[in-house]
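Those protein sequences? They're chains A and B, same order as listed.
Residue numbering for the first sequence is 1 to 106, as defined by the working numbering.
Residue numbering for the second sequence is 1001 to 1163, as defined by the working numbering.
Please keep in mind that the hints were generated in silico from the structure rather than gathered at the bench.
These figures come from a predicted structure and were not determined experimentally.
Take the hints with a grain of salt, since some may be wrong.
What the hints assert, rightly or not - Straight line, CA to CA, 16 Å or less: simulated EDC-like cross-link-like pairs of lysine to aspartate or glutamate:
#1 B:Lys-1090 x B:Glu-1022
#2 B:Lys-1090 x A:Asp-42
#3 B:Lys-1127 x B:Asp-1097
#4 A:Lys-65 x B:Asp-1105
#5 B:Lys-1002 x B:Asp-1026
#6 B:Lys-1002 x B:Glu-1022
#7 A:Lys-65 x B:Asp-1129
#8 B:Lys-1090 x B:Asp-1129
#9 B:Lys-1127 x B:Asp-1105
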Amino acid sequence: MINVIAGQILMGISLVFMAIGIYSVLTFHDFYSRVVITAKVDTVGFITLIFGAMLIQGFSFFSLKLLLILVFELLTSPISTHSIAHSAYTSGYTIRKEVRAEGSGE
Amino acid sequence: MKRLLHYIKMMIVFAVVWVILEERIDGTTVLMGALIGLGTMLVTDRYVLRGDYQETYRLGFWTALRYVASLIVQIYVAGVQAVYRVLTRKLNVGIVDVKTSLTSDFHISLLANSITLTPGTVTLDRKGDTLKVIWIDCTTTDPDEAGPQIKLNFESLISGGRS
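One chain only, chain B, in its complex shape:
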């Protein structure tokens, strides 16, 4: 039952993408998109991703929306800061460990991606719940002090709502 609901939701998404790519809205195009989406999902379930991945890659709609909005703001802050650092040549690169309180792999990978996109940091490596991060303005190597400055509020944004 749950699987069927997931299929129907994903078929709507696939149909929307298909309509955008075809640049035409009529019954045939929507039906074609939904059917191709269904075929794709069946092949994926059968040969590529075995097991229940639907629950693993779940993010609430509003959580995702707030996350993306905050991400774009942070990307712009990052860009302006990077330009400032290039022009003044103020660089103090270091590598720090950051501990995260998130548990699921999907959430940790989202956090690592957002760290890569936000001001002055790129994720290098992950061991358990510890992320290795290059930091362009490395003032401290203490994980507890560096953590909040690097993670910003993404941890609560990602796990916020129904996680």
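In isolation and in its complexed conformation, chain A is listed as follows:
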């Protein structure tokens, strides 16, 4: 019983992380800061989600499958981030300073 509650708390934390990631994509204007923030927040949220699901399920084939998915994610997530940032860099994006503009988000 205790592991189900702990797992659900972990999944809740991961949802908070992902929500903040989406918020950052919507509010920042510079491409590079979006890439840097989402790359981190996404991975943390995903790992926490997987750990929460593993806690709920206990030690079984299901959580071993989740572990395989986690390894795959850890290998591929930085590569996809890198290729997006790399293509932006080679096509000549420059860094824009974040402006603290109110009301520009609408």
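Position chain B relative to chain A; hints supplied.
Relative to the frame of chain A, chain B by itself:
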């Protein structure tokens, strides 16, 4: 001989993965996984990766374990820092060059991946032993000063033990 040893080791790994995917442990499943793994490796050796790649993509078991453990800790530090920066909107993005002392391509790509996953940095480009990195809290553009703050201890972790 060495090639045979590599095949046997990889067949064990493939069999374990196959057992996990099939959700059943018995002789047939293990044998099936090992045979499919062997077939995959033969096709890969024959058509995809020619030459001796076994030595290129080598990382000691304990090195890998310590590396992954340290990576997960750093990912959490990165996530909390990123959240803090989003909420306070403190961003000072810049691009810096970082020199690495690692030599093999595989190790450099591992380092670049760990830089992408760790606090506030994403790898952009690589030329020889120089990596271009976006840094979210860019206090200095000097490669020698920025290097240790960006690479943390991953360089010694990756090359540590039998590299």
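Going down the list of hints, with the structure as the test:
For the hint linking Lys-1090 of chain B to Glu-1022 of chain B, the alpha-carbon distance of about 48 Å lies beyond 16 Å, and the restraint is violated. This hinted pair does not check out: Lys-1090 of chain B and Asp-42 of chain A have alpha carbons roughly 19 Å apart, beyond 16 Å. A threshold of 16 Å between alpha carbons decides the hint, and for Lys-1127 of chain B with Asp-1097 of chain B the separation of about 10 Å falls inside it, so the pair holds. Pair hint Lys-65 of chain A plus Asp-1105 of chain B does not hold up; C-alpha atoms about 30 Å apart against a cutoff of 16 Å.
The straight-line distance between the Cα atoms of Lys-1002 of chain B and Asp-1026 of chain B is roughly 29 Å, outside the 16 Å bound, and the hint therefore fails. Distance restraint check for Lys-1002 of chain B and Glu-1022 of chain B: the Cα-Cα separation of roughly 30 Å exceeds the 16 Å cut-off, and the hinted pair is therefore not satisfied. Annotation: proposed proximity of Lys-65 of chain A to Asp-1129 of chain B is violated, straight-line Cα distance about 37 Å (limit 16 Å). For the hint linking Lys-1090 of chain B to Asp-1129 of chain B, the alpha-carbon distance of about 31 Å lies beyond 16 Å, and the restraint is violated.
Distance check on the hinted pair: Lys-1127 of chain B and Asp-1105 of chain B sit about 11 Å apart at the alpha-carbon level, within 16 Å; holds.
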